[in-house]
Structure formats: C-alpha cells, structure tokens
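A.B. asks: Since the structure of chain A is already known, use the hints to place chain B on it.
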Amino acid sequence: MAKKNMEATASDGSRAISKFHISDVIIIAVLVILCSTCVIPFWHLLVKSISSDMAVMMKEVFFWPKEITFSAYSKVFSDRSMVRSMIYSVVVTLIFTALGMIVCTCAAYPLSKKRLKGKGFFTFVLMVPMYFTAGMIPSFILMFNLNLIDSMWVLILPLIYSPYNMLVMKTYFQSTIPDSLEESAFLDGATNLQILRKIVLPLSKPIVATLSLFYAVGRWNAYADHMYYIRSDTKRMIQYKLYLLVQGAEASISASLGDTGGATNVTTPEVLQAACIMFVSVPIIIVYPFLQKYFVKGAMVGAVKG
Amino acid sequence: MAKSNGAKPGVRTKTTWGNALKRDWQLYLLLLLPVALVAVFNYAAYPGLRMAFMDYKPIKGFAGSEWVGMEVFKKIFQDTDFIRALRNSIIFNLLDLLVGFPMPIILALMLNELRFMRFKKVTQTILYLPHFLSWAIIGSVAYTMFRPATGLVNTLLMNAGVISEGIPFMNEKWHWAVTYLLVGVWQGMGWGTILYLAAITSINGELYEACIIDGANKWQKMWHVTLPGIRGTIVTLLIMNLGRVMGSNLERLTAFDNTQVRDFQYQLAIYIYQKGMGAGKYSEGTAVGLFQSLIGVVLVLLSDKIAKALGEEGLL
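Protein sequence lines correspond, in order, to chains A and B.
Using this note's numbering, read the first sequence as starting at 1 and increasing by one per residue.
Using this note's numbering, read the second sequence as starting at 307 and increasing by one per residue.
Just chain A, with the same shape it has in the complex (with noise of 0.2 Å):
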C-alpha cells in the first residue's frame, strides 16, 4: 500500500491533497500575486478606458469603471488613422507571414538534406547574419541606396529571411521526417519539390503554424525600423503609432510643471490613451491563449540546435 502511494509520487508528483503543506500555501500566494501584476493593469486600464474623462480626473476609478461612456471607444473608431493604420498593420503582418514561411521553407528544407553538396557552405552563408550585423547605419544607407525607405516593403523584404526561425524548421525536418519516406519516394520518381510539397509539408503543420505566429508576433510587436526608415504617417504601423502617442503625451507632461498638475496638461487624455492602448493590446490579449501551445512547441523545438 504504501509502496504504491509512493509511485503515484513520483510519477506525477501530487501527493494525497489532505497534506496540504504550508509552502504549497506560500507557492500559490507567489504565484497569484505574480499573475495579477499581469492582469491588474490591463484591467485597470480597460475600466480606465469606459469611464468618464471627469471621474478619471478626480482619480476616482481604480478597479471599476465610474460614468460607464463609450466616446473614448467612438473616438478612436471614428479616428481614420488609428482604423488605417489597423488594418494597415494587419496587411503587412500577413503579407510578411507569407512570404516569410516561403522563404524559411525554401531555406530550411535543403539544408535538413544531410546529402547536399555544399550545405557547409550555404549554411554559412545563412548563418553569419545571425551573428554579424552591419548596424543600423549602414543598413539605413542601404535602404536609402535600394529606394525603399518610408515604403511599405522596407518593413518587409529585410526581415522575412530569419536565421533563427530557419534553424527551427531545419531541425523539425530533420529530427521529425524519417529519410526512408522520402527515400522511398525518391525511388518511385517523385522530384525533391514533389516530395517537399507532397510529404515534407504536410507532415510538417504544427512547425508551419508555429512559425508563423512567431513571424506575425515578431512583426506585428516591433517597430524600432520605424524610427529609421518610415517618415509618413500612412506608413506607419499602429504600434508605432502608440508609442508616439503615449510618448507625445509623456514629453508635454514632462515639459510642464514636472507633472504635478494631474492630468489636466495631457495633450491626449487618459481616458482617449487607455483606449488606444487597450485598442492595440486586444487583438494580441484575445488570440494569445488560443495559440500559446504552439508558441511553447516552438520554443521547445528552437531550444534543440541544428
């Protein structure tokens, strides 16, 4: 009897749930805690962004939204640069996805070929800008010299090529595709793009997805290449466009009296900020937990060098 209690232990590590030992308590309240410093603000920021500009003015709303009002909401739909920009954002996230996977795919599948002549040198060639950057200035006068600063496509064409997302994929194909299937393939005549498209791919859905919602994130969050090759507003993704906002908003408090005057000098108020930013934060916050398993699978199978 007891020896089987103790290989319920070990194998899933809960024990009988009547010892409930104080440092489970202290474990739990950690990590409560914890996961409300990731919670409390969106709320707040969410119940900030329902209630009235006045009642946020007097600091009256914390948890709870006081005045329930929509206008904050109505506004920033009815702003045609903040929608844009939206769906601006959305288009280049999807069109990088795109070609991005295309051209991880194009990259990853023959260098999983242990039979490739010359893999040593291709992967080199691949590898060394993962290492190696020639810095921001020199890639500004690139851009510059290609024609393609404040277009759409410098926010694109630079990044699809990924060292570090081609290495997941290589080390999926070669760790998860047995060579016999392709060998036995081979020799039914099938070309290396029939066995790719055939075989290879759809034996290979979960590292597709994963990748491309590490693609889309990656695109969709950053926003620093912004700031060196996009001048116009119509180019502009929309979480750039909130970092403008909040730091236009940040400097005139700054500027004026040092912020002591509460929020009466903010050039956007509050309540219009909160909901810009819950505005941004909600796409990613709603389709975030329905997609978090193959974030994790991703990083797993990344963890794992090629």
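Everything labelled a hint here was simulated from the structure, so no lab data went into it.
Incorrect hints may have been included.
[To be verified] Pulled a few chain B residues facing chain A out of the computed Cβ check, cut under 8 Å:
no.: 1; residue: Leu462
no.: 2; residue: Ser508
no.: 3; residue: Gly538
no.: 4; residue: Leu556
[As the list claims (entries may be wrong)] Within a straight-line C-alpha distance of at most 30 Å, the following computed DSS-like cross-link-like pairs (lysine-lysine) qualify:
no.: 5; chain 1: A; residue 1: Lys114; chain 2: B; residue 2: Lys611
no.: 6; chain 1: A; residue 1: Lys205; chain 2: A; residue 2: Lys59
no.: 7; chain 1: A; residue 1: Lys113; chain 2: B; residue 2: Lys328
no.: 8; chain 1: B; residue 1: Lys328; chain 2: A; residue 2: Lys198
no.: 9; chain 1: B; residue 1: Lys328; chain 2: A; residue 2: Lys293
The structure displayed is predicted, hence computed values, not measured ones.
Note that CB positions come from ideal geometry on N, CA and C, so glycine has one too.
C.D. replies: Okay, now just chain B, sitting in the frame of chain A:
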C-alpha cells in the same frame, strides 16, 4: 567544407558537383531565394562599414569622402556621450542578467511543485503573456501604473496614506533604473520558464523515488534532484545571455524615455539613433555599431568555447 558533406560513409560514394546538381537542382533553386535575400539585405550592408574608417559626408558619398583610418574610433572613445552610453549599456545589461536570470528558474521550480493542473495551466498562460506584448504597450502600461501624480500605484498608496507625495517611479533616474529592470524581469520571467520546465520533465522519475525512499522532503528533492537535473540548461542559458551583454534594445529604451532619466537611459542604441541618425554623424554611428557587433561576435564565440569546455552542448 563541401567535400565532407557530400556523402554518408558506407551509403554513397562521393558525389561530384555535376551529379549533385543533376540530382538536387531543385534544392539549389530553392536556396536561391534566401541566398539572394541575405545578399541584398545583409551582405550588401557590410561595405557600408567603410564609413567607420572615413569622414563620411552624405553629400559626397563614399567616393568623395575622405579615409581617416582609426580616427573615428579614437574620437568616439574620447566622446563622453559614447562612454556614458557604453557604461550604461554594460551596467544595465549585467543588472538585467543579475535580477532577470534567476527569476525564471525560481518560477519554474515553483510551477513544478504545483499539484493543481488547472491552476498551473492558467498561471502559465497569464505569465507568458507579457512576452507577446510590444514595448510600446509595455511602456505605456508602465506609465499608466507609475506616473507620480496620476499613476495607479501612487494614487492607491496616497489614498491609503502610505505616502504623501507620488513616488517618481519613472521620472527620477534611480527609481527609473529599478522600474526599468523590474519591468524587464516581469516581461521575460514567464516565457523564460519554458526551457527549464522542459528540462525538469526529462529528469528521470526514479531519482525522485530513490529520494523519497531515503526520506527526503520537498526541499531536499528540489536541491538534490531537480536543480542538478536542469544544471545543463542553466549553464547554457547563462552563457548565451552573457553573450548579449553588449546588446541594446532601442524599443525598450525609448518606451521608457522621458527627459528626467536621460542619464541612465542613454545607452548604445540611443547613441546610434540620436547621434548617428538624428545628428547625421554617420561615421560615428557606424563605428559604434561595428564596435558593438564585433564585441558581440567575440562574446558568442567565447560563450560557445566556455560551454563546450564545461561539457555542455555548444551554441554553434
């Protein structure tokens, strides 16, 4: 390089390029696209590094600008702004490592002890979330929470009577340093647990059994089995992170920007952006970027050597 890869011993004999091309021309065709992309967008930028050794004037171009040898490097090392940016970058990266590195390990150990699977799942989902938010969002959320007069934290503390005046979490450089670091830890801690949790699952269950038979308690099990079991992962990740000590994240820094904290916030990415781009000092910006890249490469190679010397899997 190509020679040794052509054949599997005992399976095929060495292939000539003619045979390889005949058999795998489609594969080479596929490779053409990524190779063209890196050629145009990565390798084509390397010649621009010449600017670091020139007195580059955009109007004159490469042809008209003067070569100055190591003058630019001499100049930047006498530039107090650069020294400040370098110092801040290194200090903040090391502090990031110091406070940020242990957190995922502790968190993974805690999650591993949890017996309620549902609670564990929800906790993980919530803790991973910050990793998927942009720095623009994180920065603006931080400002909403920490503004001296209107931030949630200060308002609550003031209402509770704990403080009479708002704490300048984001508006005074020492406070800012703490906020900046802690928000960094917060952003990365959940996601950082994944590799440790994976390593923990791969620990042999018999070790725990043996431990229990020997009468070990929870802490002893953790200390004598779990931690040694993930030692390899810890070492590898630590070394990998040490390799990034020269890095500098423009998005994170600008998201936490305001005029009162420039003393600390001024790091290499900001230097390159403001001096190199903003003030048009292309040569200086390039030189600093090159310096950063070269140190980065050296650190990666070094990390790889150290990892291998310690008997762990290398990075390259």
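A.B. asks: Hints first: check each against the structure and report whether it holds.
C.D. replies: So, going through the hints one by one against the coordinates:
1. Leu462: 7 Å, holds
2. Ser508: It is violated, given that the least Cβ distance between B/Ser508 and chain A is near 11 Å, above 8 Å.
3. Gly538: Since the shortest Cβ distance to chain A is 11 Å, the answer is violated.
4. Leu556: It holds, given that the least Cβ distance between B/Leu556 and chain A is near 5 Å, below 8 Å.
5. A/Lys114 with B/Lys611: Within the cut-off at roughly 25 Å; holds.
6. A/Lys205 with A/Lys59: 50 Å, violated
7. A/Lys113 with B/Lys328: This hinted pair holds, its Cα atoms lying about 15 Å apart.
8. B/Lys328 with A/Lys198: 21 Å, holds
9. B/Lys328 with A/Lys293: Status violated; Cα separation ~41 Å.
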